[in-house]
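Colleague: Spelled out from the first residue to the last, the chains are:
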Amino acid sequence: MIGDQSPILIIIIPLMSSFLVPLVAWLRRELSFVLTIAALGATFVCSLDILATVLRGDNIHYSLGGWPPPWGIEIVIDHLNAYMLPFVSGIALLVGIYSRRSLLKEIPDRFVHFYCLYLLLTTGLLGMLVTGDMFNLFVFLEISSITAYALIAIGEDGAPLAAFNYVILGTIGASLYLLGVGYLYIMTGTLNMADLRGLLPELYGSPVIRIAFAFITVGLGIKIALFPLHTWLPDAYTYAPSAVSAFIAPLMTKVAAYALIRTMFTVFEPRFSFELLPVGTILSVVAGIAIIVGSVMAIAQRDLKRMLAYSSVSQIGYIFLGIALGNRLAIIGAYLHILNHALMKGCLFMVSGSLMFRHGMRDIFRLRGVHRTMPWTMAAFVIAALSMIGIPPTAGFFSKWYLLLGTIEANQWGLTVVILASSLLNAVYFFRVIEKAYLEPSHVGENEHLAGGIRNEAPISMLLPTWIMAAAILVIGLSSGKIVSSVLDAAVPKVIQ
Amino acid sequence: MEVVHSIRPALTILVSLVAAFLILSSNRRPNVRELWTLLAAVTKFSLVASLLPTVLDGKVVEFTILDILPGVPLQLRVDTFGLYFALVASGLWILTSLYSIGYMRGLKEHAQTRYFFSFALCLSATMGIAFAGNLMTFFVFFEMLTISTYPLVIHKETPEAIMAGRKYLAYLLTASVFLLFSIGWTYNLVGNLDFVPGGFLAGHASREVLQILFVTFMLGVGAKAGIMPIHAWLPTAMVAPTPVSALLHAVAVVKAGVFGSVRIIGYVFGPNLLKEIDLWIILAYLASFTILVASMFALAQNNLKRRLAFSTISQLSYIILGAALVTPNSLTGAILHISNHAFMKITLFFVAGAIYAKTRVENISQMNGIGRQMPITMAAFTIGALGMAGVPPVSGFLSKWYLCLGTLEAHETVFLVVLLSSAVLNIAYFFPIVFRAFFRTSEEFTGRDEASPFMVVPLAITAILAIVLGLVPNAFISLLHLTRMSVRNILGMG
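Going down the list, the sequences are from chains A and B.
Read the first sequence against the numbering used here and you will find it ends at 497, with the numbers running on by one and no gaps.
Read the second sequence against the numbering used here and you will find it ends at 1494, with the numbers running on by one and no gaps.
Hints may contain errors.
[To be verified] Below 27 Å or equal to it, Euclidean Cα-Cα: the simulated DSSO-like pairs (lysine-lysine) are:
1. B:1167 / B:1156
2. B:1358 / A:436
3. B:1156 / B:1108
4. A:494 / A:482
5. B:1108 / B:1358
6. A:436 / A:105
7. B:1167 / A:436
8. B:1358 / B:1156
9. B:1108 / A:436
[Stated by the list, open to error] Below, a sample of chain A positions facing chain B; criterion: calculated Cβ distance under 10 Å:
10. 189
11. 386
12. 390
13. 392
14. 479
[Said to hold, decoys possible] Okay, the calculated bits of chain B under chain A, using three or more residues with CB under 8 Å as the criterion:
15. 1056–1068
16. 1159–1173
17. 1180–1186
These are calculated hints, taken from the structure and not from any lab test.
The structure presented is a predicted model; accordingly, all values stated were derived computationally and were not measured.
For each residue, glycine too, the CB sits at the ideal point set by N, CA and C.
Please construct the entire structure, taking both the sequences and the accompanying hints into account.
Modeller: This is the structure we're talking about:
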């Protein structure tokens, strides 16, 4: 049965395809694109299959090569990663489709390299999601990071420096993570997550274990771009090729966030993370600052991509605010926001890529009249922007709602204010763009190129993925009640429920 | 209460939602585009009116759209009060649509598609607000209204209009944050958000918590209702085209605010709890302050639309005052004033727009003798103005009468004085206009020359309706019955 093999296929298919990409490109360059889309399509189908299996009630345990868990590497899928797989592979597929025209315009000579790396990056992310092994997670983390460094470096003028920055910080992060895992291995003799969970409680008092936990948290914190470890992010997102930003921005940090959540809730028990260590308190303060600082910085930008990048810093704060509060509603809010933010940011970066494609610029102050030339693209932007602000019934509202309830339940009124204030800050920087884009083109000054107002919509291969994302924002928003009751309730750690 | 399940409430929302997209797709064919607007308006009103017999029978029409959150469905429930508001808003949309066509074409306005698109969305949102069965549904449509009005406020795209748009968003989005917070907290306390006649919050939290909650709720809906000191967006938003000011800033948006206030007072807190937490008196004083100060501001305005805007702010607080006093008569007056004020104020705005479209005059000081050129228009204005001041038989008299009885019922004569002095102020700021129009002369306005019939007919109809509703309050759509039934529901008198 293919179905039984889905957990491994979602890694094997993109991995193998990425090696085949240069070969088929030898025959015809276009084939590399076709192969990528076929591979990602198959991966997406497998991830849906996995979700269906988990929803039937069985968690998946798959031993690689038939080696039983403590010795071999195990793939473990429960509600949490089953929930993340479809949208990670789905967004990979959509951005894959979207990327073709954008690449041909921005970096035509890197066409094949891009798809080869792109598939590897996807492999890394999906691998991080499914693995049940701490060291294996490190391997996939590095696969995804290294390919991401390379992909970012092929961008605009500032890209090599941005990528270099990211390499340095990312490597520090990975090393810290590895050190932490090493300590865990020294103390327990195992790398399997389930095994660790069984062995660790006796050692919770040990300073080594605590330091290991701290290393892992800080290491992943860099990858997540959790304030104040976010400094690599704005440059990286801004200078990367549009297609790369559209993929990395929604997914990379989310998958790293998943890894941290796994560590906090599965490898260690919530009891350890929240009661024995003050992680909840530290994270909530950090997240609160991230939300406000990210938004304020976003307001100060005039480059659309950079604005979106700072907005990501702020939105990551939302996710960790929910985790830090540690009650059921807040965690549901955080999980929901992982998905919602991936959709919104994906959509917004796609729009900025389309602007680059048609008008060669993304300066907010030069957007006057762009609604005439690209009405559909800008309509998608408005939907995603409203969702970022948290206007119902878009998806963004619902994660905010759960987070809000979480802060009220935890009696953290300061954080309630942070969440509410932040939606106003979001409104400031998104309405700034909407206001500009929807004004009539002016015939003088900086945006004469738009003055004609002739319809010049993005090509369908870019517009369609953008709109699928925008539609998903609405659909996910309206069906969030269902998502919460069928998937997320089960993904919250048992002790917290 | 007997519950009837029907999809009709959802259809009333869908009609203009679908129409909005048809309007968008008929961008290049203005006649087809306007046909969609008119069709949607008529269909919507018929659908709303078709709910009337069922609701007058004492039944509630319910429709659950979907489970938006566990335990909190997106649910429409048509009760007397919601239907009352929906009837007024959808009925006036028909007239406003006609008027809009005349106005927009007469002035050769740009971006008409965007204008009619947003307008249709606003009306969908208004129906949603009227029929919302719980706070969450209410919030969803309340936000939709805020957002879909924004393009109308910045319609002119002048720097002034853009600033007005920013101010509008700053006030209303901040307010919605307060509302969201209040709803979240309510959910945390009660675990349920369904509107219940007579309120559902009692006994779920301490007095102090409920006091805070009441304040945040009122901040949330009060901005739309233009309660001072959070009213400042409204006069600024008058930069929008006049039909927008007419329907949205005299009927849909601001009335959504007062409608929301009454919902929260009557169906979330309930009269008893409101008295218990002692905040009603503060709200009543705030409303009185608004009534008087806004009237004084109105006196000082030379721009006709701005004068009307301050008059709106003042009149809206009549409704808030009536709701805050929660006696049978004050509530009757408050609810009745929602429609009465709507008919009168829309007439006045229509007149302002007709004058502007015909003569480009916006300032009162330039209106000497305009009654000679536009006698029908100015006659309608006079009717509206009389109603505002509470002169019988115009409908404004009726609601003010009930409000005055309400103040006596509550043994709060202070507020009676407020209401009566406001009537004097109303005369003071409306009659100079009437006087100028009819009793002064100028060389500009001599021959009879009305605005396009698209504008004159609607404003004549609303003026006549204002009188008819004053004489026969139950005419056509049983507004007084609906009011009485709502008041009985809220006060738990069966």
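Colleague: Are the hints correct? Go through all of them and say.
Modeller: Each hint, compared with the structure:
1. B:1167 / B:1156: 15 Å, holds
2. B:1358 / A:436: 32 Å, violated
3. B:1156 / B:1108: 12 Å, holds
4. A:494 / A:482: 20 Å, holds
5. B:1108 / B:1358: 12 Å, holds
6. A:436 / A:105: 26 Å, holds
7. B:1167 / A:436: 16 Å, holds
8. B:1358 / B:1156: Roughly 18 Å separates the two Cα atoms, so the pair holds.
9. B:1108 / A:436: Measuring from Cα to Cα gives roughly 23 Å; hence the hint holds.
10. 189: Violated, because the Cβ-Cβ distance from residue 189 of chain A to chain B comes to roughly 43 Å (cut-off 10 Å).
11. 386: 7 Å, holds
12. 390: Check passed: Cβ of residue 390 of chain A comes within 8 Å of chain B, closer than 10 Å.
13. 392: Nearest chain B Cβ about 4 Å off; hint holds.
14. 479: 8 Å, holds
15. 1056–1068: n = 3 at 8 Å, threshold three: holds.
16. 1159–1173: Since 5 is at least three, the answer is holds.
17. 1180–1186: holds (count 4)
Violation of the numbered hints given earlier is confined to hints 2, 10; the remaining hints are satisfied by the structure.
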